[in-house]
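Residue-level listing of the chains:
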Amino acid sequence: MRQVMSSEDLGRVVRRIAHEIVERNQGVANVLILGIPTRGRPFADRVAEALTDIEGEPVVAGSLDIGMYRDDLDTRPRTRIGPTDIPKPIDGADVVLVDDVLFTGRTIRAALDALADLGRPATVQLAVIVDRGHRQLPVRADFVGKNIPTSVTEHVSVRMQPIDDEDGVWIGSESDA
Amino acid sequence: MHDLILKGASVSTVEGLRAVDVAITDGAIAALDEDLSAAERIIDCTGQWIGPAFVDIHTHLREPGHEWKEDIRSGSTAAAAGGFGAVVAMPNTEPPIDSGYLARFVKEKGVESGLVDVLASGAITMGRDGETMSHIDDLWSAGVRMFTDDGDSVENAAVLRAAMEYIEALGGVVAQHAVDRSLSGSGFMHEGSVSSRLGMYGIPSEADDVTIARDLMLAELTGVKYHVQHLSTRRGVELVRAAKRSGLAVTAEVTPHHLAFDHEDVASTDANFKMMPPLRSSDDRDALREGLVDGTIDAVATDHAPHAALEKDVPFEQAPNGVLGLEWAASVAIGSSGLDQSTLFDRMSVRPAAIAMIPTHGSLLAVGSSATVTVVDPKEEWTPVTTASKSRNAPYVGTAMVGRVRLTLKNGTITHEVAP
Amino acid sequence: MNHLLTTEGLDRASIESLLDDADEFAEVLTRPIPKVPALRGKTIAMMFFEASTRTRLSFEKAAKALSADTMSFSPGTSSLSKGESLRDTVLTVRAMGVDLMVVRHKATGAPWRLAEWLDIPIVNGGDGAHQHPTQALLDCLTIRQRFGTLDGLHIAIVGDVKHSRVARSDIYAMATLGADVTLVGPPTLLPVDLEGWPVKTTSDLDGVLSSVDVVYLLRVQTERGGASVFPSLAEYATRFGMSSERFARLSDDAIVLHPGPMNRGVEIGYDVADDERALILNQVSNGVATRMSVLFRLLGGDSDA
Chain A
1 MRQVMSSEDL GRVVRRIAHE IVERNQGVAN VLILGIPTRG RPFADRVAEA
51 LTDIEGEPVV AGSLDIGMYR DDLDTRPRTR IGPTDIPKPI DGADVVLVDD
101 VLFTGRTIRA ALDALADLGR PATVQLAVIV DRGHRQLPVR ADFVGKNIPT
151 SVTEHVSVRM QPIDDEDGVW IGSESDA
Chain B
1001 MHDLILKGAS VSTVEGLRAV DVAITDGAIA ALDEDLSAAE RIIDCTGQWI
1051 GPAFVDIHTH LREPGHEWKE DIRSGSTAAA AGGFGAVVAM PNTEPPIDSG
1101 YLARFVKEKG VESGLVDVLA SGAITMGRDG ETMSHIDDLW SAGVRMFTDD
1151 GDSVENAAVL RAAMEYIEAL GGVVAQHAVD RSLSGSGFMH EGSVSSRLGM
1201 YGIPSEADDV TIARDLMLAE LTGVKYHVQH LSTRRGVELV RAAKRSGLAV
1251 TAEVTPHHLA FDHEDVASTD ANFKMMPPLR SSDDRDALRE GLVDGTIDAV
1301 ATDHAPHAAL EKDVPFEQAP NGVLGLEWAA SVAIGSSGLD QSTLFDRMSV
1351 RPAAIAMIPT HGSLLAVGSS ATVTVVDPKE EWTPVTTASK SRNAPYVGTA
1401 MVGRVRLTLK NGTITHEVAP
Chain C
2001 MNHLLTTEGL DRASIESLLD DADEFAEVLT RPIPKVPALR GKTIAMMFFE
2051 ASTRTRLSFE KAAKALSADT MSFSPGTSSL SKGESLRDTV LTVRAMGVDL
2101 MVVRHKATGA PWRLAEWLDI PIVNGGDGAH QHPTQALLDC LTIRQRFGTL
2151 DGLHIAIVGD VKHSRVARSD IYAMATLGAD VTLVGPPTLL PVDLEGWPVK
2201 TTSDLDGVLS SVDVVYLLRV QTERGGASVF PSLAEYATRF GMSSERFARL
2251 SDDAIVLHPG PMNRGVEIGY DVADDERALI LNQVSNGVAT RMSVLFRLLG
2301 GDSDA
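Chains as they are written, first to last, in our numbering: chain A, 1 to 177; chain B, 1001 to 1420; chain C, 2001 to 2305.
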């Protein structure tokens, strides 16, 4: 596998995306950051930390599990369910969904369905570390760490503390996975 | 020129085990000598055992009345495949065999099928109701010598005593399916660690034992020949052993399934392990094996109990009791208890024939006697894949076994042969 | 995992992950729209050959909260009374297009037969006096929510263990999760042979009250057959009932559970059932979440089996 983003790259991405969120939403007062488990959550926590630094107001990230909303349960090995933790009301909020990799777009579609059952946000925006192309649905990210063209058979591996021992993004062939 | 020569086997003769060839002509044993060679057909039986054909004193042939499970023809075919030359049919048919004409019917059906001699046992009570004696004289004159309410026990001691006295006067044998129903109650399996785990109502060993103990006292009182059917408990074996030691005319049998399995096999709740009496603990099974070897138990009797697939493919407690057994009894006896040749033929032919009072069977081979013999390969490893029965309820199919019946003859005619 | 038939042999990791998912489904049930589309398009058949209201409704709610469709079969009005065999009945229902069956039957082992005959996941909703695995899971979930873990907890199961599938399922699940289980009851209501069971036994309820963290009360089953094994309900209540007086002698953190339905005044005191530390209604709501977790696990694709 070859590394395409280092730990420092990741840090820069977090800070840039945080600034872009502030700019786009004119502050963070109405913003709700929700990470999609598993690695969307630590990424969301870091973005929230950066926003707290920038704006001087405490920003806390939540999480939105989409395991119960997937449309491909039959074809996957066991679907794990992660926690759903919404720190402030969804109605009228500018929700920023946070995930590690944007690929086919199905995860985000499931997340939109989950959000719709939980409330009525004013806007839904999407922040990802890596956009690797190959969308199967009309989904695009508002905030992207890095665009990395890949072939469908390649495997993109994002590692983030505290889930993993290190930070970074790697790409390999299917057999490396 | 003989009709048939069986070469190279160990033969159970009146003079003991002999390594001789067996020559058969016109349905009788013409010679027992080494190096015989002049015959229309010669079968190589090297390494095999030859002895008198087996006699099963406990078989359910289901005819009349339950022919969808089995009939006398299909049951005879299965019996011949198991090395049997004679079977005693149990009377729990529909109608039950409580009168002479039914005993004759069963016997004649056996003759029609022409494979094994079928004798009927007679019910002790009318309709097996446990109250009123059946037509015992009528049955006796139809050839019935063994009396049993099998399927049920005769529980009322006074009724049993009276029947014992009556049958003793004729010289017959009373066989009892020994169980006290107030103790066995709603039980479906042995009461013990497995029934506790499964939460299933169990039948304690005592349900059988109290009846055996009581019956032995009544047998002593009346002097009748008393036979304990399908022993399943250690204490049952001990009671029989003690009774024999004190000189009572007591005999006992054990089924192949009680030799092969125990209640752990019931844990799967597969109804092919549901029978009455139930499979009990491994300690009980060990006692049964020891009893068979030391002769406390006189006979292996199959309790061959056919039931249709749709009857057995149900939740455990809803299934009728019983499994098939005719075709694999000898294999199980050899495999589970390590019986040697003399003991095998003694427990599966000589003694059962004596118990059921069948003079034309159970005799060790001698020149001039009827060529009704069974050839067994005691070492052959095989796995049964099918059965001649109409039913399929057997836990043996698909299980590896050691010991196989290769050839059965009745009056010189081959009734069963395994292609070499 | 292909079926959920028993807690016997279910390993600790599997139980914990089912409970973890159940916690998430419990959160779903608190939402304004307490429903997720996970099992949309799936049909779940409730094959209840033994009468049941609570368990069946709980499974139905769980299925519907996952957006599955349900079909219900109950005895009495069924084809079984016309002589159709169990096998034919379930094959017929399966042929209508059913993705999972929940089965309750008074004969031990019935769910295992269904698992042999059918090619879909089977959930045991109670077979004879043998097993009721989803009950055990919801019980463990309730205890875990209260205490954080079952490790080292002392749990007393009180009453007619002999005829209780709830008790058998609970014993295995609780012991696997690290609890110490004591069975409390008269000798006639304890199983005949407890060799190999991970339990202690006593017939003295008062002796365990101060040391116990969870008291699990079984109902006195007047409807099950068998010879009379206990002198009278009044005697039972006196010796084994969780009266208010006994309840007061429990430690402050101890809780009381009951699988329902309760015989107030017999196994549980009139007022005890309503106390804050009697978590019976929690058990019921946890039941829906637990069954959602089980259905999701069996129909949501699982290669961990």
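No wet-lab data here; the hints were simulated from the structure.
Accuracy of the hints is not assured; some may be wrong.
What the simulated footprint calls covered on chain C by chain A, stretch by stretch (three residues with Cβ under 8 Å from a Cβ of chain A suffice, anywhere in the stretch; the number is not a length) [what the hints assert, rightly or not]:
| hint | region |
| --- | --- |
| 1 | 2188-2199 |
| 2 | 2290-2300 |
A few chain B residues that face chain C, going by a derived Cβ cut-off under 8 Å, partial list only [said to hold, decoys possible]:
| hint | residue |
| --- | --- |
| 3 | GLY1192 |
| 4 | THR1269 |
| 5 | GLY1335 |
| 6 | GLY1338 |
| 7 | VAL1397 |
For every residue, glycine included, the Cβ atom is placed at its ideal position computed from N, Cα and C.
Status of each hint after checking the structure:
| no. | hint | verdict |
| --- | --- | --- |
| 1 | 2188-2199 | violated (count 0) |
| 2 | 2290-2300 | holds (count 4) |
| 3 | GLY1192 | holds, 5 Å |
| 4 | THR1269 | holds, 3 Å |
| 5 | GLY1335 | violated, 27 Å |
| 6 | GLY1338 | violated, 29 Å |
| 7 | VAL1397 | violated, 16 Å |
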